[in-house]
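Asker: Construct all of the structure, not just a fragment, from the sequences and the given hints.
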Amino acid sequence: MILFKEKHVAPILNGEKTQTRRLWPHGCRVKLNSIHIAKTAMMDPMSAFARIQISDVFQESLLDITIDDATAEGYPTIQSYLDTFATINRLGQIPTREIRKIRVWVVKFEVVECMRF
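Here the sequence shown is numbered in the working numbering, starting from 258 and rising by one per residue.
A few of these clues could be false.
Derived Cβ-Cβ restraints for the label pairs, each shown as a range [stated by the list, open to error]: (1) P352 - I292: 35 to 41 Å; (2) R347 - G284: 18 to 24 Å; (3) A343 - Q316: 17 to 23 Å; (4) P282 - D340: 18 to 24 Å; (5) P352 - R308: 36 to 42 Å; (6) S318 - Q350: 16 to 22 Å; (7) E263 - P352: 26 to 32 Å; (8) D313 - L260: 17 to 23 Å; (9) E317 - S337: 16 to 22 Å; (10) N271 - A298: 18 to 24 Å; (11) I324 - P302: 32 to 38 Å; (12) V369 - I324: 23 to 29 Å.
By construction, these hints were calculated from the structure, which means they are not laboratory data.
Even for Gly, the Cβ is constructed at its ideal location relative to N, Cα and C.
Answerer: As structure tokens, then:
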């Protein structure tokens, strides 16, 4: 299972969001080619909205994000993505020198089954 914010459901189902970056301090939680349920709430089985297959997974600095990556995350600019990432992860305002230190897991995926109609 991979959790997403409700606002990401439509972009994922429409194929506009095909990447996610995660702070997983204890290592990557997904494996290449594995299939996971995408949900919006941990304990609510009705929050499942898709099955996604992992097409790539690697670690990088948060500052390595490109405009193509931001677009694949569902955002029009790198800054809009970074602002949302900071909000979701409760990081506050992040100075550029600190962003460079943040390591994230990049998970690329594709929807293999839509569970909402």
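Asker: Next, verify each hint and record whether it holds.
Answerer: For each hint, the structure was consulted:
1. Checked against the given bound of 35 to 41 Å, the beta carbons of P352 and I292, roughly 38 Å apart, stay inside it.
2. The hinted window of 18 to 24 Å between R347 and G284 holds, with their beta carbons roughly 21 Å apart.
3. For A343 and Q316, the Cβ-Cβ distance of about 19 Å falls inside the hinted range of 17 to 23 Å, so the restraint holds.
4. A C-beta distance of roughly 22 Å is found between P282 and D340, which places it inside the suggested range of 18 to 24 Å.
5. As the Cβ distance of P352 to R308 is approximately 39 Å, the hint placing it in 36 to 42 Å holds.
6. Distance hint check: the CB atoms of S318 and Q350 are about 18 Å apart, consistent with the given range 16 to 22 Å.
7. In this structure the supplied range 26 to 32 Å holds for E263 paired with P352, their Cβ-Cβ distance being about 30 Å.
8. About 19 Å separates the C-beta atoms of D313 and L260, a value consistent with the hinted range of 17 to 23 Å.
9. Judged by the Cβ atoms, the range 16 to 22 Å given for E317 and S337 holds: they are separated by roughly 19 Å.
10. Taking the beta carbon of each, N271 and A298 are about 21 Å apart, inside 18 to 24 Å as hinted.
11. Our hint of 32 to 38 Å for I324 and P302 holds, since their Cβ atoms are close to 37 Å apart.
12. Distance hint check for V369 and I324: the Cβ-Cβ separation is about 27 Å, which falls inside the suggested range of 23 to 29 Å.
Going through the hint list in order, the structure satisfies each hint without exception.
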